[in-house]
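Participant: In case you want the letters, here they are:
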Amino acid sequence: GDSVTQMEGPVTLSEEAFLTINCTYTATGYPSLFWYVQYPGEGLQLLLKATKADDKGSNKGFEATYRKETTSFHLEKGSVQVSDSAVYFCALSGSSNTGKLIFGQGTTLQVKP
Amino acid sequence: DSGVTQTPKHLITATGQRVTLRCSPRSGDLSVYWYQQSLDQGLQFLIQYYNGEERAKGNILERFSAQQFPDLHSELNLSSLELGDSALYFCASSVAGGNIQYFGAGTRLSVL
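If you read the protein sequences in the order shown, they are chains A and B.
Per our numbering, the first sequence runs over residues 1160 to 1272.
Per our numbering, the second sequence runs over residues -11 to 100.
So that you can see chain A by itself, here it is in the shape it has in the complex:
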């Protein structure tokens, strides 16, 4: 079945460092891909999405490109801030019209001043 694999965390960075969180997926057909972020004590918020190959999703300085050839959707940010400290989830929604999300295990990011 469909699945998502994220890099293990936690990831600890200094402020203004470059961030990459790796995400790869296995799916039949052409899934939509998402990054969600969960701040402490809160629900999940959509960070960005891409619905077809070579699409680039971007929001708040974060970017991810849908790479079908490598089945990847890595999250990047050029300069992280302390306020970016959170848990980041990569997810896919398969080709069916149900829209159910399949999540990776989540990656905790801690940014130190």
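Since the hints were made in silico from the structure, they are not lab data.
In this text the structure is predicted, and so the values were computed from the model without any measurement.
In silico BS3-like cross-links for lysine-lysine, where the CA-CA straight-line distance does not exceed 30 Å:
id, chain 1, residue 1, chain 2, residue 2
1, B, K45, A, K1208
2, A, K1219, B, K(-3)
3, B, K45, A, K1227
4, A, K1211, B, K45
5, A, K1208, B, K(-3)
6, A, K1236, A, K1208
Once you've looked at the hints, dock chain B against the given chain A.
Facilitator: Chain B in isolation, oriented as in the chain A frame:
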């Protein structure tokens, strides 16, 4: 604020008991999803309803059931609770299946 409301925020109960979690979707959203977040299983899809009808089922235990009412709010019923059912339960809603899902803040269930 996502517009999705979940109550209660916290629930503490004992093994063998039954609880009901409630979710009010965003105004205009017809689809409701339930997810369970636990330390060992991560975030897992449980069940989806669309306009009152069950649309998709995930790894939902037989002890768990859900429904969506005519006013589109949804309830997740968990019975014969076990210690392993302790988790965060999230509700999400979308306009229809396949659209962006907006998540509530979750209900934290502790089974003692």
